[in-house]
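Asker: So the chains spell out like this:
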Amino acid sequence: MGKITLSQVTKSFGDVQVIPPLDLEINDGEFVVFVGPSGCGKSTLLRLIAGLEDVTSGRIEIDGAEATELPPAKRRLAMVFQSYALYPHMSVRKNIAFPMKMANVPEDEQARRIESAAKALNLTDYLDRKPGQLSGGQRQRVAIGRAIVREPAAFLFDEPLSNLDAALRVGMRLEISELHERLATTMIYVTHDQVEAMTMADKIVVLRAGHIEQVGSPLDLYRAPRNLFVAGFIGSPKMNFIEGQTAAAHGAHTIGIRPEHIEVSATEGLWQGRVAVSEHLGSDSFFHVHDTGLADVITVRASGEIGFRHGDTIFMTPREDQLHRFGADGLRL
Amino acid sequence: MSTKASRAAARLMISPSVILLLGWMLIPLGLTLYFSFLRYNLLMPGDNPFVGLENYSYFLTDPGFTAAIWNTLALVLGVLVITIGGGIVLALLLDQPMWGQGIVRILVIAPFFVMPTVSALVWKNMFLNPVNGLFAHLFKALGLQPYDFLAQAPLLSIIGIVSWQWLPFATLILLTALQSLDSEQLEAAEMDGAKPLSRFWHIMLPHLARAITVVVLIQTIFLLSVFAEILVTTNGGPGYASTNLTYLIYVQSLLQYDVGMGSAGGVVAIILANIVAIFLMRMIGKNLEA
Ligand SMILES: Nc1ncnc2c1ncn2[C@@H]1O[C@H](COP(=O)(O)OP(=O)(O)O)[C@@H](O)[C@H]1O
Ligand SMILES: [Mg+2]
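Those protein sequence lines, which keep their order, are chains A and B. If you're matching positions, the first sequence starts at 1 in our numbering and goes up one per residue. If you're matching positions, the second sequence starts at 1 in our numbering and goes up one per residue.
If we strip away everything but chain A, and leave its shape as in the complex, we get (with noise of 0.2 Å):
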């Protein structure tokens, strides 16, 4: 069980207040992922939920039962560290034991419990070594390790991807998505990246400063983003943002269309622009396309095939079904 409920939290450090009245509510079961720019209180709300932080005020639930005043050790979750935060002078074998030791497990449970985290996460070989003479994705799976031998009532991750390289980080996000389908237990995720965010989320929240800018699934913040701020945010490419009369013209302050929701034309077009930047990457072609008279640079996405250059002039139409429409407020109309 691992439903987790936040009611009216707030987090000040001294006069600054980095997370103002917030309320979440986090399913039993579900890959929850905050995501937000940096410096935007994701680590503050993932380490006021672990109990590494106190509230400044509001309370925090975890499966019903009221939580805000318990250590950590007590709330029955696990954390992956953005470093790992593994041991240093332990085997993989004893950091992954750690916390059964501490929890007084037998010690042939504890051997079994490691037998099959080790294979589930091919981790078998190198038990007996100390976590620097690991590579960095090896590290993680200790951590990782490390978290499911207490079989915690949820998961905590804090950016557990961002030190490793990108083949890695495409990986490691495959096996966390797995290892949810397998344990199906709450997982809690912070990232920067939205690209993760997308892939591995049953339920994403944005955060902005501390606010909850958005709650949805993926695809929810993505057809139907609430405000500009997760319009920009979610999506790769950004969402391209026409102010002025094109906008007003469908009756809004702001209208934003996704890249992949413009087609384009040597020939004839709704707008005309000149390609300042081509990017090719076989499967699709990005194109910055500048001189349009509607913002100071259009994205848009075409497939592969279509190979526009440097100064060449482009047409382009937007989907009409696919226009987003904001008010003066930023606020979705």
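Hints may contain errors.
[What the hints assert, rightly or not] Restricting the straight-line Cα-Cα distance to at most 35 Å, the calculated cross-link-like pairs of lysine-lysine (DSBU-like) are:
| # | chain 1 | residue 1 | chain 2 | residue 2 |
| --- | --- | --- | --- | --- |
| 1 | A | Lys3 | B | Lys195 |
| 2 | B | Lys195 | B | Lys4 |
| 3 | B | Lys195 | A | Lys119 |
[As the list claims (entries may be wrong)] Which bits of chain A does chain B cover? Going by a derived footprint, with three or more residues having C-beta under 8 Å, they are:
| # | stretch |
| --- | --- |
| 4 | 99-112 |
| 5 | 280-293 |
Derived by calculation from the structure, the hints in this document are not laboratory data. Ideal Cβ placement from N, Cα and C applies to all residues, glycine included.
Assemble the complex: chain A is given as a structure, and chain B with the ligands must be docked to it using the hints.
Answerer: Chain B with the ligands in isolation, oriented as in the chain A frame:
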């Protein structure tokens, strides 16, 4: 430093200091060895005949010798235990955020700046003196008989004085080590259910192992040769109760103007120090490997 040329250049450039250091150490060592085999007393001028191991046998059978060995070991061990134990406690305290942290840290480090003779005199006259000392006043205020520390427990008093001097050093090294501990490790241990004492035992202490090793090695070198504190407080007495090896050599050579005997004592001290060093490196040297 990988090419042959750069290695040769490096050797050439460090050679002056190596030669200077070698001369600095080898010449006195050689002369000491040489003198230790001579009958060489400044009160008996004349030729200095070669007498083989006579000086050594006199030194080793001196009634004070065994006492001096044990006192030396007790002094080193006692001070090590007190300074490392106290140093860890102080480092843990100083690592806590508190008001006036900067000043408190300077205060803690202050004893290290007081030279040994002065600090021993301050202790002797202001604290331990059975008539005027602060402890005597304290005892009297409590209605107890003042205790003559330097006469009744001379070695313990000296251990106390020397510990007071070295506590700042240990604290400083251990505090720096403690501050380099990744706080996420402690938080991870906290989430893993480790109580404060387990966190100290399983996380902090292993992290401090290397710093403790450094403190033990450096302090041992200096503690084997404690001298000023004994000279100004107890003069090695009563009897041989607070005579360590360094002090015994001083008594044998300088007080009796016996160069041969003093040199023999010096060689014995060198051998003893090396035994201790080998023993220590065997025991804790592996902590220094990365
Ligand atoms: N212990 C602390 N003391 C003071 N300010 C802090 C502390 N921890 C975090 N902050 C501040 O809180 C804000 C949010 O930090 P954090 O939660 O680490 O952001 P994120 O993880 O989203 O990058 C930042 O502005 C940071 O400076
Ligand atoms: Mg963070």
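Asker: Against the structure shown, which of the earlier numbered hints fail to hold, in ascending order?
Answerer: Going through the list in order, the structure violates hints 2 and 5 and respects the others.
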